[in-house]
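Participant: Take a look at the letters that make up each chain.
There are 2 protein chains.
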Amino acid sequence: MDLVVIGGGAAGMAAASKAKRVNPSLSVTVIEAGRYVSYAECGIPYYLEGIVASPADLLHYPLEEFTQKRGINVITRTSVNAIDRKNRELILSNGAKTRYDRLIIATGASPKVPDSLSALGIHGIRSLESGEITHQDISNAAVVAIIGDGILGIELASSLVQGGKKVYLVSRHSEILKGFDAKIGAAFREEFKQRVNVLTEASDLEVTGSNGAFVLATRGNKFAVDVVISATGIVPNTKIAIDAGIAADSRGIIITDGHMLTSDPSIYAAGDCASTTNTVTGQPDWHPLAQVSNKMGRVAGSNAAGGSMVFPGSVGTTLVKVFDYEIGFTGLTEEQAKKDGLDAKTIFVKGMSKAGYYPGKQPVFVNMVTENVTGRMLGAQVVSKDGAAWRVNAVAAAIQARLTAEAFFFSDLGYSPPFGPVWDPLIIAADLSMK
Amino acid sequence: MDLVVIGGGAAGMAAASKAKRVNPSLSVTVIEAGRYVSYAECGIPYYLEGIVASPADLLHYPLEEFTQKRGINVITRTSVNAIDRKNRELILSNGAKTRYDRLIIATGASPKVPDSLSALGIHGIRSLESGEITHQDISNAAVVAIIGDGILGIELASSLVQGGKKVYLVSRHSEILKGFDAKIGAAFREEFKQRVNVLTEASDLEVTGSNGAFVLATRGNKFAVDVVISATGIVPNTKIAIDAGIAADSRGIIITDGHMLTSDPSIYAAGDCASTTNTVTGQPDWHPLAQVSNKMGRVAGSNAAGGSMVFPGSVGTTLVKVFDYEIGFTGLTEEQAKKDGLDAKTIFVKGMSKAGYYPGKQPVFVNMVTENVTGRMLGAQVVSKDGAAWRVNAVAAAIQARLTAEAFFFSDLGYSPPFGPVWDPLIIAADLSMK
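Just so you know, the protein sequences line up as chains R and Z, in that order.
Using numbering that gives the first Met the number 0, the first residue of the first sequence is number 0, and each one after it goes up by one.
Using numbering that gives the first Met the number 0, the first residue of the second sequence is number 0, and each one after it goes up by one.
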């Protein structure tokens, strides 16, 4: 039996490794377009900042771990041009053909760069190669502009400022980090703007020039910058899947079931190219996140090798460190919940990260979203310089378990003065959600 | 209607406040033996260390918050000598009598000091007054001995060493911090012993002398110390309850139901004097912990005032910071689980607190205890210098929700390099627990 995995990122390598563990006699081949497999793309901002010295540090494992220790064939620098489902063959970029009995598509996602920017040679960051090119681009730059105000945009801005650059962050919106409302976002945004030049409502942005000498024009002002990085979102790499007739949604995300099986019973999909079930809504969703991809890959690999695992879905928990701030969210915002037809409300709490008398305490801002009538927890956002990330994770576990705010209030989170007040901001938020 | 609360600690003041909110026309009186109400006894080690300047900083609220803002009568420096259940009266230490319609017993717990130590004037630490006396005791001391190796003992040792004292910690056991096995405890114990003089297997301990000049003798050695502090556990303050015929267990802990009602339908109990249900075993248990007491108090106060709240039980989540280490546990150890007849196993994982390439990462030691066959999570212990406490809280939420290791593996804990590796030690432990 031949299992072929397209893509050597988190999902692909997790799938290949799991498949080989489940069925060691299986022939497992990974085909990767780039030079690297099993790399930590989430670490690229730190490489650009300079706190990670080399892209080699971002490889989870050397290639030999997979080829020699785990017995996986790995073919790099080779793309798949087409999937011939009738003959169960892949047409490779070097003209060769590869047979498969089972196929796992783990082709990931790519930056969605507006044509007007890519025409100037501006690119996004996703693959390790794109990180290396950007590292080269900015090595002599004093001023860098980032287009896009999402998680990657604010994270990159933080990294580059801390790496010594002057940074412009360009946003189409009236504020950065949409999804965080005025109350929970205020303190963070104020500090962010002290360190990053934020250009808001810049939907009229025009960029001219070339690498080393760009000019941004928006709202009557012009800004000279050395380098421009696009961080305007990502799109799934699913052209070959769609061309082969595999079912995808309107955004091009491959539709999968709980076994990570696609519309073709021989073909699985996992990672940033594949859909998941949002466990809060029960509806298909897209959570292109490293830990979700890893787990999807694990499930796809197990099932493709004859095992039986079910991926129960995900809630989109996202964490990021921006300057000294920890920012995280899980599940739905009130706005998202209402779009999904849920009767939702938000409780905002400003509490402290440690007991009032304990040194080093920081404000903790919490938005907790619950469903009226049932009291079920739907989501939370947390912002703090101390302990926001793992507070979000505690809520994520509760949401996955479909706890109500009342059950979460009574869940026995431990207390000690260095780690929280005796009524933690999360517990206060759960309490107020019950009223 | 008169509601009387005996005890002005966490449970008592939470009960009184909640009762008044549920029924503002209720007359609510709190009778407290000491001078203070609503104080943070968990903060006493930091006061002794010197990072909290004054015991006044450990008061959650000034007395006026309760008497004037919340409309609660507070009587301090007055004990209750007896409960006359037939006449629904309390006999106070000043000879007065107080009627009640509903009574809440929140008398807390006291240090269990061996007679041989208390005969020498050695005491434990629990009330704010005991903290003040100890602060005075140690003010001119260079060398302090702590008897007892539990959470309070190791926390006090850490505080006093960091406050500039030389500290002996005396343990009856072969190692400190029983409940943490050799694997998970090793790194912590090694560092602890570099900073604290640990005397193990000291069940032959003899203490002589008096405050300012004690001598410890154990296993053929003698140690001169200035001050001795007892940290050998606590006992519930339930003499008046038991004398009045209220049902208690063999340890003297008042038996309560989910409404925090005692065997007398007019009398509730809450806090360190009252039993809880261990939500893992479903059996009665004792969790004398601040956050549990607060919630018990809340429930007792609501029900005593005519509301209806159920306390679902607790899992005993305990967190402590000792030197740079965060130490926490929740639910059962394998040993405890087996004593309760559960078919349990432990998975040990040594992972890292951040992504491998991210600066400042620390080892994370995890013991995860699950039930064989069902896979249900029963408990966890976590030790690390980075992020152990809130990792334990994430597990606590999962245990409260009765998640299996598989469900917890798939619960969508967020990932970002500063907060964990992409496979967090908790997730690895859950994964290995599934095998």
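Note that these hints are calculated values from the structure, not bench results.
Model, not experiment: these values are computed from the prediction.
Keep in mind that a hint or two might mislead.
One copy or two, either will do: identical chains are not told apart, so a pair holds if it fits within one copy or between any two.
Mimicking DSBU-like on lysine-lysine, the simulated pairs with C-alpha atoms at most 30 Å apart in a straight line are [said to hold, decoys possible]:
1. K353 with K164
2. K353 with K165
3. K192 with K353
4. K384 with K349
Participant: Which of the listed hints are broken here?
Facilitator: none
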